[in-house]
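S.K.: Protein chains in written order, with this note's numbering: chain X, 554 to 928; chain E, 7 to 393.
Some hints could be false.
Said to hold, decoys possible - Which residues of chain X face chain E? A few of them, derived with a C-beta cut under 10 Å, are:
#: 1; residue: Phe902
#: 2; residue: Thr906
#: 3; residue: Gln914
Unchecked claim - Computed list of chain X residues with no C-beta within reach of chain E, every gap over 10 Å:
#: 4; residue: Leu555
#: 5; residue: Leu667
#: 6; residue: Leu707
#: 7; residue: Lys723
#: 8; residue: Lys764
#: 9; residue: Asn911
To be verified - Once the Cα atoms are required to be at most 35 Å apart in a straight line, the calculated DSBU-like pairs of lysine-lysine come out as:
#: 10; chain 1: X; residue 1: Lys587; chain 2: E; residue 2: Lys152
#: 11; chain 1: X; residue 1: Lys731; chain 2: E; residue 2: Lys152
#: 12; chain 1: X; residue 1: Lys637; chain 2: X; residue 2: Lys731
#: 13; chain 1: E; residue 1: Lys232; chain 2: X; residue 2: Lys731
#: 14; chain 1: E; residue 1: Lys291; chain 2: E; residue 2: Lys364
#: 15; chain 1: E; residue 1: Lys126; chain 2: X; residue 2: Lys718
#: 16; chain 1: E; residue 1: Lys360; chain 2: E; residue 2: Lys289
#: 17; chain 1: X; residue 1: Lys718; chain 2: E; residue 2: Lys238
#: 18; chain 1: E; residue 1: Lys8; chain 2: X; residue 2: Lys723
#: 19; chain 1: E; residue 1: Lys318; chain 2: X; residue 2: Lys731
Hints listed in this document are in silico derivations from the structure and should not be mistaken for laboratory results.
The structure displayed is predicted, hence computed values, not measured ones.
Backbone N, C-alpha and C define an ideal beta-carbon position, used for all residues, glycine too.
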Amino acid sequence: MLERGKISPVQMALFMNPAISATALLLVPSITAKHAHQDLWLSPIWASFIGYFIVFVSYQLNKLFPNQTIIEYSQQIVGKFFGKIIGVILLLFYLHITGVIVREYGEFVSGASLFHTPMAVIIGTMVLVCSLAVRGGIEVIGRAGEIIVPVVLLLYVIIFILLIKDLEIKNMFPIMEKGITPSLMGSVSPQSWFSEFILISFLLPYVTDRKRGMKWGMISVFSVTVLLVLTNIMDLLLFGNMTASLTYPVMVAARYISIADFLEHLESIVMAIWISGTFIKITVFYYAITLGTAQLLKLSDFRPLILPIGFLILLFGLWSSNNLEELSLFLGTSGAIYILSIQIIIPVFLLLTGFIRNKVQQGKGNNENEAPVNH
Amino acid sequence: MKLQSIIKKYLLLLFLVFSVVFLSGCWDRNEVNDLALIMAAGFDKKSDNTIELSVLLYIPKGGGNQQDMNSAGGGGYETMVRSAAGITVADAMARLQEKLPRQIFWGHTDIFLFNEKLAKEGIFEHVDFIMRHPQLRERAQIFVSKQPAKEVLSLMPPLERDLSEVLRELGEHEIGMSITTKELAQMLISDSGDCALPWIQILPPDDKNKPKRTIAYITGTAVFKKDKMIGKIDDMLTRGILWIRDEIRLAVVTVKLPQTKGYISVNLSQAHSKLVPTIENGKWKITLKSETYSDIVQNSTHLNVSDPAVVKSLERQIEQVINNRIELARKKVQKEMKADILGFADAFHRYYPKVWNKEKKRWEEIFPDVEVKYETKCKIRRQGLHS
Numbered sequence: 554m555l556e557r558g559k560i561s562p563v564q565m566a567l568f569m570n571p572a573i574s575a576t577a578l579l580l581v582p583s584i585t586a587k588h589a590h591q592d593l594w595l596s597p598i599w600a601s602f603i604g605y606f607i608v609f610v611s612y613q614l615n616k617l618f619p620n621q622t623i624i625e626y627s628q629q630i631v632g633k634f635f636g637k638i639i640g641v642i643l644l645l646f647y648l649h650i651t652g653v654i655v656r657e658y659g660e661f662v663s664g665a666s667l668f669h670t671p672m673a674v675i676i677g678t679m680v681l682v683c684s685l686a687v688r689g690g691i692e693v694i695g696r697a698g699e700i701i702v703p704v705v706l707l708l709y710v711i712i713f714i715l716l717i718k719d720l721e722i723k724n725m726f727p728i729m730e731k732g733i734t735p736s737l738m739g740s741v742s743p744q745s746w747f748s749e750f751i752l753i754s755f756l757l758p759y760v761t762d763r764k765r766g767m768k769w770g771m772i773s774v775f776s777v778t779v780l781l782v783l784t785n786i787m788d789l790l791l792f793g794n795m796t797a798s799l800t801y802p803v804m805v806a807a808r809y810i811s812i813a814d815f816l817e818h819l820e821s822i823v824m825a826i827w828i829s830g831t832f833i834k835i836t837v838f839y840y841a842i843t844l845g846t847a848q849l850l851k852l853s854d855f856r857p858l859i860l861p862i863g864f865l866i867l868l869f870g871l872w873s874s875n876n877l878e879e880l881s882l883f884l885g886t887s888g889a890i891y892i893l894s895i896q897i898i899i900p901v902f903l904l905l906t907g908f909i910r911n912k913v914q915q916g917k918g919n920n921e922n923e924a925p926v927n928h
Numbered sequence: 007m008k009l010q011s012i013i014k015k016y017l018l019l020l021f022l023v024f025s026v027v028f029l030s031g032c033w034d035r036n037e038v039n040d041l042a043l044i045m046a047a048g049f050d051k052k053s054d055n056t057i058e059l060s061v062l063l064y065i066p067k068g069g070g071n072q073q074d075m076n077s078a079g080g081g082g083y084e085t086m087v088r089s090a091a092g093i094t095v096a097d098a099m100a101r102l103q104e105k106l107p108r109q110i111f112w113g114h115t116d117i118f119l120f121n122e123k124l125a126k127e128g129i130f131e132h133v134d135f136i137m138r139h140p141q142l143r144e145r146a147q148i149f150v151s152k153q154p155a156k157e158v159l160s161l162m163p164p165l166e167r168d169l170s171e172v173l174r175e176l177g178e179h180e181i182g183m184s185i186t187t188k189e190l191a192q193m194l195i196s197d198s199g200d201c202a203l204p205w206i207q208i209l210p211p212d213d214k215n216k217p218k219r220t221i222a223y224i225t226g227t228a229v230f231k232k233d234k235m236i237g238k239i240d241d242m243l244t245r246g247i248l249w250i251r252d253e254i255r256l257a258v259v260t261v262k263l264p265q266t267k268g269y270i271s272v273n274l275s276q277a278h279s280k281l282v283p284t285i286e287n288g289k290w291k292i293t294l295k296s297e298t299y300s301d302i303v304q305n306s307t308h309l310n311v312s313d314p315a316v317v318k319s320l321e322r323q324i325e326q327v328i329n330n331r332i333e334l335a336r337k338k339v340q341k342e343m344k345a346d347i348l349g350f351a352d353a354f355h356r357y358y359p360k361v362w363n364k365e366k367k368r369w370e371e372i373f374p375d376v377e378v379k380y381e382t383k384c385k386i387r388r389q390g391l392h393s
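The shape of chain X in the complex, shown without the other chains (with noise of 0.2 Å):
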């Protein structure tokens, strides 16, 4: 195996919910309200659903191949040669989808305060953190989430509290005016992201205790919810129709905070909250994807890809679009149909021929040995 570390459940809980949940925060309420309106907290529970099942697909497919990854089990299922196709197509894709979420950090840091610094720059030196990260292996990555995780959970319910003074209840009605249409296709976008969960398959193997880890998988696909959820509703109080206008609803927000005079300005919490919790985003996709290809080509270390991938990463950020409107208008049409396709069609498409498979081989070979597709 190339990866030695192991991680608790929790760890992978803990770390799976920035990893998530990190980018959204800042772009999904704007992207969602534009057509759920002020049903807009209602879109990420819709959403939420892909959620729970991606992880449960994930964990039937870790069931079937327990110490192997999507791209190893991928090669049993379907064969050699189209098992590597769908391998070279979904570290393609996440190579890409890594880019952009280089780039939402990218514009959110040069938009948001580094006005001059070059775009290179931003992306090179986050790109250059994660990397010591992701050289580390997993289990730096499962403590390096331990630490930063609650710490940016509680600077986030802070700025919530902070707020409570000025959120405005009515903001919320009427409730589901145009039926609930609204609230679905403003779910499209969050959708996408809950797809995201599929990441976990490259990480259950490493998962010491694997029946917990699909509850632990499933309490994180909630505390994502809730804190969308927890967002949204915040963002809709405060800004009711407004919301769809602004660019970084979470952002302003916490601007807007005032607390007798002394306790304004708190962006920079926000800040905080974005970039701790876009570092442990970035590093899970770039060690999928660099564990990924180090099996997809049979490699014995995984550590010298690192280098070359992350350099990769940093030209997919640079190209992937031309500004933040082209990126936010990405996400919010066609990367939104885009992403979801492959992250689920190929995993459902996965454990359906490997279920068939397993049945098959199981009614033919009776009187052989157990566990007929062991390598």
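Dock chain E against chain X, hints included.
M.R.: Below, chain E alone, put in the same frame as chain X:
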């Protein structure tokens, strides 16, 4: 082997030293002594298609001669006003930068002023700049001034540091209207799109020889139809509007009970109001439900205010006074100005989303004819320390 590890160590050290270059974020370093901190900004109409942007700048002072300045009686020497004209705010800002040796920094701007003339032509395009600029904060307060904004900004208030501080504090008392950029933007995109901003004018100075040593204060409300100012109402009517908008925080109500001499004044300690709309047979009605708790602060009558019967009739009387105040304000705004700054449109939208979507194009016709009923409840809680 040993040499290699030494080289490795030095390479690591070199890497660490090198990363310092990036860690400081030097591309965007902003030294305080390179920044021109803008405390307040005002917009005036210059000519037909240009506006004038005036800004109140903070002048940082070394500790040394500060005392001399104060003893000279000038006070207020720590700020200055500069202005520049342009087609848009952003254009004017670029022109202004030409006249300033330091880089304009908007992060501390608490106050925006619109002159009446400019407000009458529409403020939407200027609000867009305020909302879009990354440095500007959404909690900045917005006012409409009778006198040119440039003149208001250059006042030297006797009590506070500068005018932006005066207006910020006045706004926070919530005696008059207090509107932040965020709230203004929300009103502009609300269902009716009509908005209201606090109206300020210059208080006549005590000393005629020092015309600048005074402040500007809130004397009413500027009423906007969509983003164009159509008129103003005085501070008494403003308080009626605040009742309807559930923004009243501080009020003293003085009443005269029948068959008595003298007056009783009560101080409002809590007030809440709610608009409850109903549509019956095509008739649009609104019930204003409000609830207040008050404390007695002055009693110049011979009545014993600890007698529950007296308190009861006092409460009824106060309700009557409050209703009258609201009624006056409502009539002016709804019947004369026909501007929905009362939040009726949003209330109907919330309670009757289906009807609203059908009828919203007719709102302009419906609004002046909306019937309003009052359900005011007043409770006296304390009589003060003396009875």
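S.K.: Confirm or reject each hint.
M.R.: Going down the list of hints, with the structure as the test:
1. The closest approach between the C-beta of X:Phe902 and any C-beta of chain E is roughly 42 Å, which is over the 10 Å cut-off, so the hint fails.
2. Against a cut-off of 10 Å between C-beta atoms, the interface hint on X:Thr906 is violated, since the closest Cβ of chain E lies about 47 Å away.
3. With 10 Å as the threshold, the beta carbon of X:Gln914 stays out of range of chain E, its nearest partner Cβ sitting at about 52 Å, so the hint is violated.
4. Look at X:Leu555: its CB is around 25 Å from the nearest CB on chain E, clear of 10 Å, so calling it non-interface holds up.
5. Not every C-beta of chain E lies more than 10 Å from that of X:Leu667, the closest at about 4 Å, which undercuts listing it as non-interface.
6. Listed as outside the interface, X:Leu707 is consistent with that label: its C-beta sits roughly 24 Å from the nearest C-beta of chain E, beyond the 10 Å cut-off.
7. A Cβ of chain E approaches the Cβ of X:Lys723 within 10 Å, the least distance being about 7 Å, so the stated non-interface status is violated.
8. Distance check on X:Lys764: its Cβ is at least 43 Å (rounded) from any Cβ of chain E, clearing the 10 Å threshold; non-interface status holds.
9. Residue-level check passed: X:Asn911 sits 50 Å from the nearest beta carbon of chain E, beyond 10 Å.
10. Proposed proximity of X:Lys587 and E:Lys152 is contradicted: the alpha carbons are some 38 Å apart, above 35 Å.
11. For the proposed pair X:Lys731 and E:Lys152, the alpha carbon gap of about 44 Å is over 35 Å, so the pair is violated.
12. For the suggested pair X:Lys637 and X:Lys731, the alpha carbons sit about 46 Å apart, so the restraint of at most 35 Å is broken.
13. Of the pairs offered as hints, the one joining E:Lys232 and X:Lys731 holds, with about 26 Å between alpha carbons and a cut-off of 35 Å not exceeded.
14. Pair hint E:Lys291 plus E:Lys364 holds up; C-alpha atoms about 17 Å apart against a cutoff of 35 Å.
15. The straight-line distance between the Cα atoms of E:Lys126 and X:Lys718 is roughly 33 Å, inside the 35 Å bound, and the hint therefore holds.
16. Restraint check: the Cα-Cα separation between E:Lys360 and E:Lys289 comes to about 15 Å, which is no more than 35 Å; the hinted pair holds.
17. With a CA separation close to 30 Å, the supplied pair X:Lys718 and E:Lys238 stays within the 35 Å bound.
18. Of the pairs offered as hints, the one joining E:Lys8 and X:Lys723 is violated, with about 71 Å between alpha carbons and a cut-off of 35 Å exceeded.
19. Proposed proximity of E:Lys318 and X:Lys731 is contradicted: the alpha carbons are some 47 Å apart, above 35 Å.
This entry does not satisfy hints 1, 2, 3, 5, 7, 10, 11, 12, 18 and 19, going by the numbered hints stated previously.
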